[in-house]
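Asks: Work the whole structure out from these sequences, hints included.
Spelled out from the first residue to the last, the chains are:
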Amino acid sequence: MLTNLTDAELVELAVSGDSDAFGEIVGRWERKIFALCFGMLGREDDAKDAAQETFIAAYRSLSGFRGDAKLSSWLHRIAVNQCLTIKRRAKARSEEFIDDESETPDKRFVAAAGKSPARITEQTERQKLVRQAVTSLPVELREVVVMKEFEEMTFQEISETLDLPLSTVKSRLYTALKQLKMKLERVPLEVS
Amino acid sequence: MNDHKSCMPENMVAYIYSEMEPAEVPAFERHLSECSACADEFASVSDARLSVFEWKRDAFDTLAVPHFDIPREKIAAARVGWFDAIVANIRVLAGAATAFAVLSIVAVLGSYFLRPTDSNLNVAVAPVTVPEKKVDVAQEETPAPVQSKPDTVVAEKKPVVTKRQFAPVSVVARTRKPQINNSLVAKATPTPQQAKQKSINQDRLPTLNNFEETEDDSLRLADLLADVDAKNDK
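Residue numbers (this note's numbering), protein chains in the order written: chain A, 2 to 193; chain B, 22 to 255.
Just so you know, the hints here were simulated from the structure itself, not pulled from any lab data.
Hints are supplied without guarantee of correctness; some may be wrong.
Calculated lysine to aspartate or glutamate pairs in the EDC-like style (CA-CA distance at most 16 Å, straight line) [as the list claims (entries may be wrong)]: (1) A:179 <-> B:31; (2) A:179 <-> B:61; (3) A:129 <-> B:79; (4) B:77 <-> A:186; (5) A:88 <-> A:153; (6) A:71 <-> A:8; (7) B:77 <-> A:152; (8) A:71 <-> B:62; (9) A:33 <-> A:8; (10) B:77 <-> A:150; (11) A:182 <-> B:61; (12) A:182 <-> B:62; (13) A:129 <-> B:75; (14) B:77 <-> A:10; (15) A:33 <-> B:75; (16) A:88 <-> B:50; (17) A:182 <-> B:50; (18) A:71 <-> A:10; (19) A:179 <-> A:141; (20) A:49 <-> B:75; (21) A:71 <-> B:61; (22) A:88 <-> A:45; (23) A:179 <-> B:62; (24) A:33 <-> A:186; (25) B:77 <-> A:153; (26) A:129 <-> A:186.
Replies: Here it is in structure tokens:
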């Protein structure tokens with residue numbers, strides 16, 4: 002089973018030509034890469050395109066990956082560069098929406114997409130976990146997260162509303178996101 | 022060169038939410054592309070942010086905006102409380118007070134200008150010429166029987182009074198007998214003695230509804246004249 006292999010082992014298999022191994026790599030890291038792209042680009046569609054470009058670029062340069070660094074870090078850096086490329090391209094074109102005119106990516110390396118029942122269940126479970134994680138945050142951290150994500154307030158507005166310095170608001174949000182990350186990683190996601 | 026200063030938590034969240042200063046963005050991105058540790062940290066924070074974003078998108082944005090339908094009547098009844106009631110009452114009272122004040126002023130002015138005075142009555146019978154013959158004051162009592170029933174007298178004698186009122190008083194005075202002249206003289210220009218006696222008589226005579234003696238005089242005069250005419254006819 003490919004799921005039991007480490008990232009390094011999967012890379013070796015993928016380099017040797019095993020497409021399923023790289024598919025497993027994509028399945029393991031697609032969300033995190035997508036999250037990073039979303040954090041950099043701020044738009045879902047752009048983030049999806051960037052993530053796809055990242056895995057395409059990773060597959061092309063897989064042979065250059067050395068085992069001294071973590072696969073995730075390597076993928077992160079590729080994703081960052083892809084996002085920056087997309088941003089520069091968008092800035093040059095002065096377009097808000099980015100049309101991906103690149104060739105259709107190799108679908109062999111794209112993890113199972115679409116709304117399968119398992120996928121839907123996974124998303125539902127994840128929403129439940131996220132809700133529990135957010136509600137379990139300390140009040141001073143939770144309110145900043147809610148005001149930023151749900152009320153879509155700017156940092157300045159949150160600062161004025163809570164009567165806090167701007168730097169304090171940002172540091173609280175950073176701390177809240179880190180704690181959320183720890184809470185979500187602590188609970189294993191089981192898909193029945 | 023790794024410049025971790027640009028990867029401070031504040032800059033990281035500011036960049037994630039697109040609120041970083043434009044001048045600071047290139048340096049941050051450059052460092053992010055060069056520093057694996059910061060890229061990992063950025064990815065971790067972005068992953069947590071994405072989780073909350075998806076939760077909000079899938080569980081909150083799909084919810085319909087609740088509409089709270091509060092009955093207007095209850096709100097109006099609740100708000101038209103003591104304050105509005107007091108204001109309404111004050112308005113009513115102010116209006117009533119204003120009306121009362123106006124009516125009072127009108128009544129006072131009317132009572133002042135329309136009060137019955139001697140000068141007014143004299144003007145009413147202005148063309149009267151004072152006969153020279155003195156009248157026995159005792160004759161003043163003759164009108165008493167007429168006055169005892171003023172209502173009936175008035176009701177019966179009205180047509181006659183109407184005719185007689187337009188006749189010159191001086192003409193009426195010439196046809197009267199002395200006893201008739203008494204009342205006419207007393208009515209026209211009462212002497213001080215007559216006025217005094219008149220007041221005395223007024224105390225004796227029964228009055229109805231505090232009518233002035235002068236009012237009955239005109240009616241008695243008409244009666245007496247009618248009697249005179251009747252006698253003359255005979």
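Asks: Between the alpha carbons of residue 129 (chain A) and residue 186 (chain A), is the straight-line distance 16 Å or under?
Replies: Distance ~14 Å between residue 129 (chain A) and residue 186 (chain A) Cα, so the pair holds.
Asks: Has the given pair, residue 49 (chain A) with residue 75 (chain B), been kept, meaning a C-alpha gap of at most 16 Å?
Replies: Holds. Residue 49 (chain A) to residue 75 (chain B) sits at ~14 Å (cutoff 16 Å).
Asks: If you draw a straight line from the CA of residue 88 (chain A) to the CA of residue 45 (chain A), is it 16 Å or shorter?
Replies: Holds. Residue 88 (chain A) to residue 45 (chain A) sits at ~14 Å (cutoff 16 Å).
Asks: Please work out if residue 182 (chain A) and residue 61 (chain B) have their alpha carbons no farther apart than 16 Å.
Replies: Roughly 13 Å between the alpha carbons, so the hint for residue 182 (chain A) and residue 61 (chain B) holds.
Asks: Need the status of pair residue 77 (chain B), residue 150 (chain A): alpha-carbon distance at most 16 Å?
Replies: holds, 8 Å
Asks: Residue 77 (chain B) and residue 153 (chain A) were given as a pair; does the straight-line alpha-carbon distance stay at or below 16 Å?
Replies: Distance ~11 Å between residue 77 (chain B) and residue 153 (chain A) Cα, so the pair holds.
Asks: Can you confirm whether the C-alpha distance between residue 129 (chain A) and residue 79 (chain B) stays at or below 16 Å?
Replies: Measuring from Cα to Cα gives roughly 11 Å; hence the hint holds.
Asks: Within 16 Å, alpha carbon to alpha carbon, are residue 182 (chain A) and residue 50 (chain B)?
Replies: With Cα atoms ~22 Å apart, residue 182 (chain A) and residue 50 (chain B) exceed 16 Å; violated.
Asks: Is residue 77 (chain B) close enough to residue 10 (chain A), meaning Cα to Cα at most 16 Å?
Replies: violated, 37 Å
Asks: Between residue 179 (chain A) and residue 141 (chain A), is the straight-line Cα distance small enough, at 16 Å or below?
Replies: This hinted pair holds, its Cα atoms lying about 14 Å apart.
Asks: Between the alpha carbons of residue 33 (chain A) and residue 186 (chain A), is the straight-line distance 16 Å or under?
Replies: holds, 12 Å
Asks: Would you mind confirming whether the straight-line C-alpha gap from residue 77 (chain B) to residue 152 (chain A) stays at or under 16 Å?
Replies: holds, 10 Å
Comparing the model with each numbered hint stated earlier shows that hints 4, 5, 14, 17 do not hold.
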